[in-house]
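Given the sequences, and given the hints that come with them, work out the whole structure.
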Amino acid sequence: MKTDFGFSTPAQRDDPLASLILPDVPDPLAGIDWSRFAAELCGGAPVEPPAVEPEQSSTSTITRRVKNSMLNLEGKAGRAADLIRLPRRVEVVHIVNDGELEGVTIILALLAKLKAPAAAWISTLGANRATACLLAQRMMTGDISRLTFLASVYFRDADPDEAATMAKILEHAGARVAFVRTHAKVWLLQTRAAAIVCEGSANLRSCRNLEQVNISNSRKLLNFHRRWIERHANGNR
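Position one of the sequence shown corresponds to residue 34 (my numbering), numbered consecutively onward.
Keep in mind the hints are simulated off the structure, nothing from the lab. Don't take every hint at face value.
In the BS3-like style, the derived pairs of lysine-lysine whose C-alpha atoms are separated by at most 25 Å in a straight line are [unchecked claim]: (1) K100 <-> K146; (2) K146 <-> K109; (3) K218 <-> K148; (4) K218 <-> K100; (5) K218 <-> K201; (6) K148 <-> K253; (7) K218 <-> K253; (8) K201 <-> K253; (9) K148 <-> K109; (10) K218 <-> K146; (11) K218 <-> K109; (12) K146 <-> K253; (13) K253 <-> K100.
If you want it as structure tokens, here you go:
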């Protein structure tokens, strides 16, 4: 007996789309002569049927469900420091922001909420002297205990004066700065209690574009990014 709008099982009632799954419908790819298909469309090259991976093979590394939280900061640059929060261990905070919010503002907001000295690793396409001063100040106050900073050779070559000034400010505060072929925007903050990883499209300075940043709290992910940042900072590719 069907109930609840024609769904006959609890699973179908919980997931209305379940009623659209028709296991008896024939596979549209069944019976295709792949050799003939190759001869006609691929110049005679042999083509094998698409392989079907065992279902369990894709789940071996998944140990727990991750919670996704969303935060739209468009038009809220002035409130960003209050709205941004630290993610939990099994959570990723997804942020979208407009050109009014600089990437360095997100880093400063996270530092304030960590309430402990943090080792930092940063990879960015470009920055400027203003963002460098903000980071240098946090190093001098002890909020950042040490900093490894990667910026792009493209930024250095396109704006050599600004790049040199930025590097000088950071190095004077004790940071290690290297210009490499990076387009990655990754910011890492590590304390004894937290391992904050920021990944996204945003540079440290504003650029009048919509940007997105994902913030997670994962020591394994932080170590993954830290290793390649350290390797390139040391001049090893």
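> Among all the numbered hints in the text so far, which are the ones the structure does not match?
Replying inline: Result: hint 8 breaks, nothing else.
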